[in-house]
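Participant: For chain A, the structure is supplied; the task is to place chain B on it using the hints.
For the protein sequence lines, the chains are A and B, in the order given. Sequential numbering from 1 applies to the first sequence in our numbering. Sequential numbering from 434 applies to the second sequence in our numbering.
A short, non-exhaustive set of chain A residues, derived as facing chain B with CB atoms under 7 Å:
(1) Q173
(2) S182
(3) S190
(4) N194
(5) P200
(6) W205
(7) A208
(8) A211
(9) V241
(10) G403
(11) V404
(12) F405
Think about it this way: if two alpha-carbon atoms lie no more than 25 Å apart in a straight line, the pair counts; the simulated SDA-like pairs of lysine to any residue are:
(13) A/K212 x B/R450
(14) B/K480 x A/D214
(15) A/K26 x A/D328
(16) A/K212 x B/E538
(17) B/K641 x A/D402
(18) A/K381 x A/S324
(19) B/K766 x B/A718
Derived by calculation from the structure, the hints in this document are not laboratory data. C-beta: ideal position from N, C-alpha, C; glycine also.
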Amino acid sequence: MASDPERGTSARANLQPLSLYVPEPKFRPGDAVDFSEVHVPPAGETRRPDIADKASTFTDLAYQLVRVLDEDGQAVGPWNPRLAPDTLRNILRSMALVRAFDERMFRAQRQGKTSFYMKCTGEEAVAVPAAYALDYDDMCFPSYRQQGLLIARGWSMVDMMNQIYSNTADRLQGKQLPIMYSVKEAGFFSISGNLTTQYPQAVGWAMASAAKGDTRIAATWCGEGSTAEGDFHSACTFASVYRAPVILNVVNNQWAISSFSGFAGAESTTFAARAVGYGIAGLRVDGNDALAVYAATAWAAERARTNQGPTLIEHFTYRAEGHSTSDDPGQYRSEGEPNAWPLGDPIKRLKDHLIAIGEWDEERHAAQDKELADEVKRAQKEAEQNGILGHGLHQPLDTLFDGVFEDMPWHLREQQAQMVAEETASGRPWARK
Amino acid sequence: MNMIQAINSAMDVMMARDPDVIVMGEDVGYFGGVFRATAGLQQKYGKQRVFDTPISELGIIGVAVGMGAYGLRPVPEIQFADYIYPALDQLVSEAARLRYRSAGEFTAPMTVRSPFGGGIFGGQTHSQSPEGIFTHVSGVKTVIPSTPYDAKGLLIAAIEDNDPTIFFEPKRIYNGPFDGYWDRPAQNWSKHPAGEVPTGYYKVELGKAKVVRPGEALTILAYGTMVHVATATVAEAGIDAEIIDLRTLVPLDIDTIEASVKKTGRCMIVHEATRTSGFGAELSAIVQERCFYHLEAPIERVTGFDTPYPHSLEWAYFPGPVRIGEALKKLMKD
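Excised from the complex, chain A in its bound form (with noise of 0.2 Å):
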């Protein structure tokens, strides 16, 4: 301890020694999990106001979650969407959809086929809901884990695939990890490593949008982690400050690769509340509540469309599977997690409430996951023919230089050519095409 010559040290030495607190998860491998402590409030219980009150006004629906479906699989209470049979089955397909793409590409990477993968596994209700409360020229500015825009707004599976093998037929030209695609087309913005740097992005997005008089608005996603990005306050800031028509998106799915939601500061607040501090409508919602879920954006959306501004959503969920096929989630978390976390699994809560209220039934479910597992498969054939990353180069090797800018500088066509020339005198055919 330091002392102080002056003084000395007794007048110090009755002062308690400061510590560092470090959060640390309340279960690791091996522990048994018990979530009694996650408050889950009745279903239907909190309240909806009107998309024109001011955000001030409504600042509890940050410290509470918004929950439609009750343990018998009922939609109740105010924030209830009141959906058709039809969309509630085309959700839930969708959900299941995306499950079953998840599972056959995570064994394409374990058998080789891409070098990289991630699941949403646990969180379809995050992203597919929304795709379907969006309108379809919405645009979208999505973290990794949000493949289910794209899968629910019908967007190509084989597309998709060829994206993840890097193939000839990938749009990107094999120039992007797997997982990051870019369907301007389909309101899906090109997908960045770098996290949250989305967020001020589709700020700027809807700024555009609204000083253009469109009616277009946007989207983005981004992880409980990330929100201790600058980014993400300096994006929370610009869009309360221009009332941006912007829906921002926190999927708190409880995990950012080994660290919990702790070292985002889960401990002190939740997610929504980050709103409350920027005046801009916060709504916590259960993230494995597709119902709700869906009502959560369509209010955000309203809100949005009738210049009454933006809203941050939290979607309190789990991440069920690891954080990409890098991860091995056995090492850090307890193996008990994922079932007993206490929201249940996102695709069964929706099935229960078609069956619930006489729309759906198990023998029509199974046979729906076949016929989408075999879909999914067929795609995969598709997007094969079109080859497979480590299949030797699927793309003319002079496009590596395509597209650093828009018209090629002198320095970017000297070193293509030096590298074609190389290439060439390598004597290694596979290389070019």
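Facilitator: Below, chain B alone, put in the same frame as chain A:
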């Protein structure tokens, strides 16, 4: 016109021509910018197209990327180049790569304007020259004018360009060129031929250097403020140097550089930025690779020192006529 007026005029011309051009940044709206570069634009084009922003460089550039992706042509201002660092990730990882990573599906056609360089007693946080950071990044263009005429023409070209461009404005010569001596006043641009600036539309093509002073004895590569300091020093020394104003660092006009050095056989590079890994190192390597057998002396670099920009000692830091003069002697010795 002085350089500030020329820059203002460029934005005015482009906003009148293209409704998708928008101007944003700290203090750029009602007030017209701390250097007055955006004066009058909000009054003329309205708050939907010219607006103040929060003090968040990251936010300004991140938002501009989104606006560019929407289809606008944002011209964000970073009040001083020293403040560009919080926005660095959005510039180098996002704006610079968006076209590449999306195979052309999305682009970020923005022009980031920022006053840079020292000589105004701005201390560490209002004097830096970070151009080398951006020339190192694939996917952004870096432009630095040295005259009002070029500033307007280059800025118009940058705004029309579909790639993200960093447009550094040498603030020491906003009001007029100077000879590099701290105790002598800057001339007024109105007495300088490059201060004659047409009020309408014209372009100075990106990637084309300008031979400011033809000569036979050696080649001086410079940009921004240093063009004027080098020109004054050469006149004082009575040496027949060829002075090239690079105007655009990326893309670089290699043909003009190569032809000049092969002709003169000697090369000096002058910039105000710190020396180590500065753009001068790149220029030196390029000249060596292309002109080695024509060189009669080692390439000389005259730069700022590898220290932060000092406040009261800024004229000791500044690569002025004394430092350039010594390098001239060294280069011409053999």
